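Residue numbers (full-length UniProt numbering), protein chains in the order written: chain A, 1 to 466; chain B, 1 to 466.
Incorrect hints may appear among the rest.
[Said to hold, decoys possible] Derived coverage of chain A by chain B (criterion: at least 3 residues anywhere in the stretch with Cβ under 8 angstroms from a Cβ of chain B; other residues may be distant):
id, region
1, 193-200
2, 379-392
[To be verified] Straight line, CA to CA, 25 angstroms or less: simulated BS3-like cross-link-like pairs of lysine-lysine:
id, chain 1, residue 1, chain 2, residue 2
3, B, Lys14, A, Lys158
4, B, Lys437, B, Lys339
5, A, Lys14, A, Lys96
6, A, Lys437, B, Lys437
[Said to hold, decoys possible] To spell it out: a stretch of chain A is covered by chain B in this simulated footprint if at least three of its residues, at any positions, have a beta carbon under 8 angstroms from a beta carbon of chain B; those stretches are:
id, region
7, 97-106
8, 236-245
9, 411-423
10, 446-459
Hints listed in this document are in silico derivations from the structure and should not be mistaken for laboratory results.
Quick caveat: nothing in here was measured; it's all calculated off a predicted structure.
Beta carbons: idealized from backbone N, C-alpha and C, even for Gly.
Protein chains: 2
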Amino acid sequence: MGDDATGAAGAFSKIVGEHDLLTGDAIGPDYAHDEALVGEPVVPRYVARPQTAEQVAELLVAASAAGIPVTARGSGTGLSGAARPHADGLLVSFEKMASIIEIDTANQVAVVQPGVTLADLDTATAEHGLVYQVFPGELSASLGGNVATNAGGMRAVKYGVTRQNVLGVQAALATGELIRAGGKITKISSGYDLTQLIIGSEGTLGLVTEVTLRLYPRLAHSATLLVPFADLEAITRAVPAVLRTGVDPNILEYIDSFTLAAIAQAQGLSLGIPDDIEKTAQAYLVIGLENRDHDRLDGDVVLLGELAESLGALDLYVLEGHSAHALIEARERAFWMGKAAGADDVIDTVVPRAQMHEFLNRARELATEANAGVIGCGHAGDGNVHLAVFCPDDDTRHRLLHQIFATAMELGGAIAGEHGLGRVKAGHYEELEDPAKIALMRRIKAALDPAGILNPGALLTDPNDN
Amino acid sequence: MGDDATGAAGAFSKIVGEHDLLTGDAIGPDYAHDEALVGEPVVPRYVARPQTAEQVAELLVAASAAGIPVTARGSGTGLSGAARPHADGLLVSFEKMASIIEIDTANQVAVVQPGVTLADLDTATAEHGLVYQVFPGELSASLGGNVATNAGGMRAVKYGVTRQNVLGVQAALATGELIRAGGKITKISSGYDLTQLIIGSEGTLGLVTEVTLRLYPRLAHSATLLVPFADLEAITRAVPAVLRTGVDPNILEYIDSFTLAAIAQAQGLSLGIPDDIEKTAQAYLVIGLENRDHDRLDGDVVLLGELAESLGALDLYVLEGHSAHALIEARERAFWMGKAAGADDVIDTVVPRAQMHEFLNRARELATEANAGVIGCGHAGDGNVHLAVFCPDDDTRHRLLHQIFATAMELGGAIAGEHGLGRVKAGHYEELEDPAKIALMRRIKAALDPAGILNPGALLTDPNDN
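Chain A with its partners taken away, still in its complex shape (with noise of 0.2 angstroms):
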């Protein structure tokens, strides 16, 4: 360790105590990954655990001044290696500022530390009848995570992303100031909304210190819908139809036939579907209804049978209790098994809904030609596929994802729907992307982060990387 670094060493540990700073071997493995599944692991040369704010706020006039590099750390459940450290960096992880601080009834909105996980919150609001609405799939995930991918999940059909339920934050920006920007109000047109300039920047413009999240009343009842479908395409004409009856599902998913059956044998699901119909049905619609009243949720899942039969459904069964709760629960652990089937890579474009199915269509033929697998499954209401690579040699696998990313992009999608671009994906999308924008966003960044300390390398390239 050099000069510069034990400098740096003393700096941090003045700042968030001796304990909370580690070094060399107290660095345990997790701190070196998130969970994407390309890229090897990177032991940074520094974690720190603050307590507080104004210690995120010092660790980064610190970082700045020593030209240390900084990743923010939440649960490390990320998909994209947003938190995957520098090997000569400082690892914030929030682990140490996890409490709830308020729920607000009145406003209807939770007050949290970054560290806070999904789950935690989920107890909390419940005990007042309330609900946070962005659930991503993975409740081990923190908030600040959240906040920093902009993550999505199965209900943003209904309730939108990170981006439509964080009302505002306390950010510690690169210049050491703690900031605050919206609050517990929904609506603000004072100045520019750094609120949302900072909600899906990946650590790289600010690092999130506090959250103020919308709550929703937690509705009583609750029906799951399996509708099975010969082919995707009809599931892309049925997905705006269920839209427009105003019924507005709180879950809108497609899963194709084999991802269905390994989610099915791994978690040793029975869901009732008869021989015949597994072997016609290529793909499955899944739609979550939820109501105040029971009555209204039956009237509701009558009239969506009726009209998934008038589109073609091959059949229809209304889950209920534990088999909706492990059908959905299983769907959210398709990522683990996508993971524990070998696959190379997963991927969460996203295209404007009604043009799903060519994208699918494009992708496995893309895959096909590349002498490599996709499946999956995804969030049909808004256009969000969710696939699994098989593919792994590593210059083909860049060059199809290449190939289906500019085919999404050309459909009027973007590369990723709610995983952020984090390392992984952050060269193709300078590769694809307008270079007017990606000019305008290094400009941004500058702005807010002129020592350019905070993730270099996530959502957009290091130049000093290679």
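Position chain B against the provided structure of chain A, taking the given hints into account.
Below, chain B alone, put in the same frame as chain A:
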């Protein structure tokens, strides 16, 4: 006109055509102002009426080169002077970019040019059984102007403001590039969200040349409840209770008794309120409900009626057909009533909704101390308080507004909930906002508009203004 100006006129004229570059007497008085009550009209040196996005971008290049300030204008219905031009400046009027490009029913989006009015959009979407849910109260407003101010309105309590309903933009940057951000997708996590950065930036970061809007099914059945309460405090308590039911009203307004009486008189509206109630009631809650099903709507009316009674409502009127429509329309005209009554300013402060009563009490005390008056109505569900301020002396009014805005901010709110800061409130904002945020916003502004030509003096004050 000097040589530079002649040169600029020639350049602008070459871009939009001679017929669509106005100078001197050809510039009508409408171009000199918006609807802000404060400040004098300013006739700009040039008015350009571009027909294409490319022309807008070229105008910005020419204006940048000549150092000419540029102000964008939609319908000129703004209330904060953000569309008030500079005497030596170029006004870009979007009146000739007013086409609805597409209503895409499968993706439930509309793609429009910025000059399209809300009225025209509403007519077009109605034909498809869809609706754009942002109704800021003035249907002659343009979508471009709505994007610039992040316009809100009554239905925000259910559907959010412009920010939540704009999925993508095409924008001309001050540096001359035309960029696209977002699109027909509700979910995106790929790069900084330039759509969100531009929304609400009041023409200071880029000029929007196309907007992609989220549409919803137009529900068939609606009802309006008018609920008198003895005082506003009771309404502040009732609002969270209404929202906790899960009934999800699309309108949740309060109107003070002065304003309701003025509205009723001006519009010749008979609301059927008995004299004794009219004498006792100090404030009214207006609840809008909608449903795809008539029986469900009736059920919701009954449920909220019972709830209102338990919360101390003095009575409850279910308005139907004409009177419901007339009340909502009259409420939307409250600004014009205030103007006609001789108000010296109108403000649209926002606070957390549970703090609305405290805010209004303190605002009234401050007004009394200043020998001034404030009356109003507001979006109770959003804590967004509209006050007509009667205080003719400029200095006294500035001090009073400073105190009222400071009070709102202390309570966790903001100066403007939906009108924007424009040129009228930019000074207040800079007096009251965290200097670190102002400095950051200036850095962001410089990153997007290095020559500083876009709407100087709006949102942020212009150091060159005095």
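How the hints compare with the structure:
1. 193-200: holds (count 6)
2. 379-392: Per the Cβ count (4), the hint holds.
3. B/Lys14 <-> A/Lys158: Judged against 25 angstroms, a Cα distance of about 48 angstroms means the pair is violated.
4. B/Lys437 <-> B/Lys339: 33 angstroms, violated
5. A/Lys14 <-> A/Lys96: 17 angstroms, holds
6. A/Lys437 <-> B/Lys437: 24 angstroms, holds
7. 97-106: holds (count 3)
8. 236-245: Contact hint for the region 236-245 of chain A vs chain B: holds, 4 residues under 8 angstroms.
9. 411-423: holds (count 10)
10. 446-459: It holds, with 4 qualifying residues against the three required.
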